[in-house]
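Enquirer: Listed below are the residues making up each chain.
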Amino acid sequence: MREVAVIGVGLTKVGHLFSESLRSLFSRAVRGALEDAGNPKIEALYVGNMSAGQFNNQENIAALLSDFAGLNGIPATRIEEGCGSGAAAIYNGYKAVASGVHDFVIVGGVEKMMDTTANDATSIISTVTDQEYEAFLGLSLVGINAMVMRLYMNTFGVDREPFAKFSVQMHDNASKNPYAQFPFKTSLDKAMNSNPVADPIHLMDCAPLGDGAAALVLCPKEYAKNFTSKPVEIIGAGHGMDNFIFHTREDFLSLKATRDAAREAYRMAGITPDEVDVVELHDAFSITAFLSIEDLGFVEKGAAGQIVDEGLIALDGTLPVNPSGGLKARGHPIGATGVYQMAEIVLQLRGEAGARQVPGAEIGLTNNISGFGASSYVHILRV
Amino acid sequence: MKPSQPVGIIGWGAYIPQYRIKVNTIAQVWGAQTERYTEGLGIEEKAVAGPDEDTITIAIEAAQNALKRAQIEPKEIGAVLSGSESPPYAVKPTGCTVAEVIGATPNILAADLEFACKAGTEGIQFCMGLVSSGMIKYGMAIGADVAQSAPGDDLEYAAAAGGAAFIIGKLDSNAAAAINASTSYVTDTPDFWRRSEQPYPKHGGVFTGQSYFHHIINAGQQLMQELGMKPKDFQYAIFHQPNGKFPEKAARELGFTSEQTRVGMLVGRIGNTYSGCIPLGLSAVLEAAKPGDNIFVVSYGSGAGSDAFHITALDAIENKRELAPTVQDYIERKEYVGYACYAKWRKMIIGLETKR
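First to last, the sequence lines map onto chains S and Y. For the first sequence, counting from 1, position 234 maps to 223 in our numbering; every step adds exactly one. For the second sequence, counting from 1, position 293 maps to 303 in our numbering; every step adds exactly one.
Simulated from the structure, these hints should not be mistaken for lab results. Incorrect hints may have been included.
As the list claims (entries may be wrong) - Facing chain Y, a subset of chain S residues (Cβ under 10 Å, in silico):
1. ASP104
2. THR106
3. PHE145
4. PRO185
What the hints assert, rightly or not - Derived lysine-lysine pairs resembling BS3-like cross-links, with alpha carbons at most 30 Å apart:
5. LYS245(S) - LYS290(S)
6. LYS165(S) - LYS255(Y)
7. LYS30(S) - LYS210(S)
8. LYS212(Y) - LYS2(S)
9. LYS259(Y) - LYS165(S)
10. LYS174(S) - LYS255(Y)
11. LYS154(S) - LYS255(Y)
12. LYS30(S) - LYS219(S)
13. LYS2(S) - LYS259(Y)
14. LYS179(S) - LYS259(Y)
15. LYS354(Y) - LYS179(S)
16. LYS259(Y) - LYS300(Y)
17. LYS212(Y) - LYS242(Y)
18. LYS354(Y) - LYS212(Y)
Where a beta carbon is used, it is the ideal one built from N, C-alpha and C, also for glycine.
Work out the full structure, taking the sequences as your base and the hints as a guide.
Expert: Below, the structure written as structure tokens:
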């Protein structure tokens, strides 16, 4: 198995990008990544996308996107794993390079969600849950998270405030991120008093809808120094799974898929959680972020609220979380999110994160989750 | 666009139905948060057409009020143009009925106009041309609507009923205001539309908002550029009001202040009267303006486009104010109805005898 490095990063700003299409967004991200990498010859493309078929009436997008991104003729594959499609694309591209099948690949993600109305988009997103046992009976993804949040609050004696503080921190970070959908701060008051969505989840606990694309260039670590002075190596990768239907899970307050993915990634990387300097995790809802902080091994079960309350997840804290602003404030173009997460970590480890730089970051971790933990990816990177 | 002969508004007239429904009432039915609409969109209540009112009756009331202020012979009116997106007939112009009722037929041009919420202001532009060319002596432009919205849709909290009419003639001592210039900015943009057989419009949500700002800002900037004028040259500014927030934001972006937009902003108390919106806002401003005041007007119609105008109040305006009920009179004349009554009047409940 070869060691794999990231040598190029390309991102678009996330938002309601009405003048851009699925193909124009992805092309921009790919061009950005290629330029950043010094234009190596690419041998394969792996692209993550959740629902172009429903959002854009377009299937068969691997061929479409490789063509329009100027990557005609190379093997291209679209990977779908719900909200984890981005990390899934990365993982498969990583395996291709690590195993020696390809040398230079592009892994990317794109979602063009905003050509639908908000109601339609929400319905489409709900297709990640079980259509026979969950969605059919009116249980949406936010509904699942709301029940879990209430159980968490009751079990650990936590009220809504730490969750709102998390969102405030996300906006604080995003205000320093030129790619963020919401590059502005907010207040605890606004977060606490935002409209209820599914009690106890309020609007400010939820990631928004938005368009965006991100792409990375991967290559064997041994070639990386020919293309960049700061290659960032993927030193750990894990892919965990769990029972699909929420009510069949063993523990509602912990995502087994994340625990398994993290265990494998830490083992591969040869590190423990306390060695991670910066993390990009999957805050589709603030409760998902809390569970993730715990399942990734950073604190014990029920303790996420405490470190958030104490401000330890800030850029200069002991566990900087989502310096990009996370899904909440950077945005969540679903199939692209996993790639945005790794792009942020790469920029952080290179020291290129500008005003949101976590000082001295050397090891970073990404966690991209699908649905409510049906599957989960953890990647660990080091500069 | 400057008319070759100066033209002005000889008379104006408004009409708003007396019934109101509160945003809170609608929100309770649909389980929505009232604050989303009151604070979020700046709307408290909207005007509701009574069971025997429609765009034709509203247009007639407005036209009669305009005649009272114009103090001209109806037979001198050479055109009646009615702009609306809720004409009772797909084929049979509202303009004909209005013209007949006010006594302006038969030697008259009549037609209906459609351009979503800006159909009323287009009528003003057409009349400017007809009058300044000498083809007619006076022209009447009406903007009126009984606005449609799907039950439970965001639009339902704002879609309201009302309208206003303007009689345009050559600039003489009887003119209340001069219409100095106008410009239009139009593109093909599917932000909000209604197919012929459909009762309710569809819209693109956030996208509709983006279209609003794009067209209003461009038309506004275009006009100021053509005139070589700046926001501070105007005492009043009126922008289309789908809600209470958009026009304030548009004003800010163009360089106008809340003080300039205050008098023409009616949406908080009567809702969005679609084609009636700018005509009613302009009427309210004409009822407050002093001779010499400059008025900046930008309408917006989905599909999409904006008409911008530079209007200046003249001496005759002061005596015309009280010749007919004012916008304020109509706003204050109100009676609340509940959702059941509103639904019945809006034909959302179909009885055996209900005809659409």
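Enquirer: Holds or violated: LYS30(S) and LYS219(S), Cα atoms, limit 30 Å.
Expert: 19 Å, holds
Enquirer: Take the C-alpha atoms of LYS245(S) and LYS290(S), compute the straight-line distance between them, and say whether it is at most 30 Å.
Expert: Holds, because 13 Å separates the two Cα atoms, which is no more than 30 Å.
Enquirer: Mind checking the alpha carbons of LYS174(S) and LYS255(Y) for me, to see if they're no more than 30 Å apart?
Expert: 21 Å, holds
Enquirer: Do the numbers back the hint for PRO185(S), that is, is its least Cβ distance to chain Y under 10 Å?
Expert: Hint holds; PRO185(S) Cβ to chain Y Cβ min 8 Å, cut 10 Å.
Enquirer: Taking only the CA atoms, is the gap from LYS30(S) to LYS210(S) under or equal to 30 Å?
Expert: Roughly 16 Å between the alpha carbons, so the hint for LYS30(S) and LYS210(S) holds.
Enquirer: Within a Cα-Cα threshold of 30 Å, do LYS212(Y) and LYS2(S) meet the stated pairing?
Expert: 29 Å, holds
Enquirer: For the pair we were handed, LYS179(S) and LYS259(Y), check the Cα-Cα distance against 30 Å.
Expert: It holds: about 21 Å lies between the C-alpha atoms, which stays within 30 Å.
Enquirer: Checking hints one by one. Is ASP104(S) an interface residue toward chain Y, by the C-beta closer than 10 Å rule?
Expert: With Cβ-Cβ at 8 Å, under 10 Å, it holds.
Enquirer: Hinted pair, alpha-carbon criterion (30 Å max): LYS354(Y), LYS179(S). Please report holds or violated.
Expert: 39 Å, violated
Enquirer: Would the stated hint for PHE145(S) survive a check requiring a Cβ distance to chain Y of less than 10 Å?
Expert: 29 Å, violated
Enquirer: What's the verdict on LYS165(S) and LYS255(Y), does the C-alpha distance respect the 30 Å limit or exceed it?
Expert: 27 Å, holds
Enquirer: Need the status of pair LYS259(Y), LYS300(Y): alpha-carbon distance at most 30 Å?
Expert: Satisfied, since the Cα-Cα distance of roughly 26 Å is no more than 30 Å.
When the structure is compared with the earlier hints, violations turn up for hints 3, 15 and 17 and for no others.
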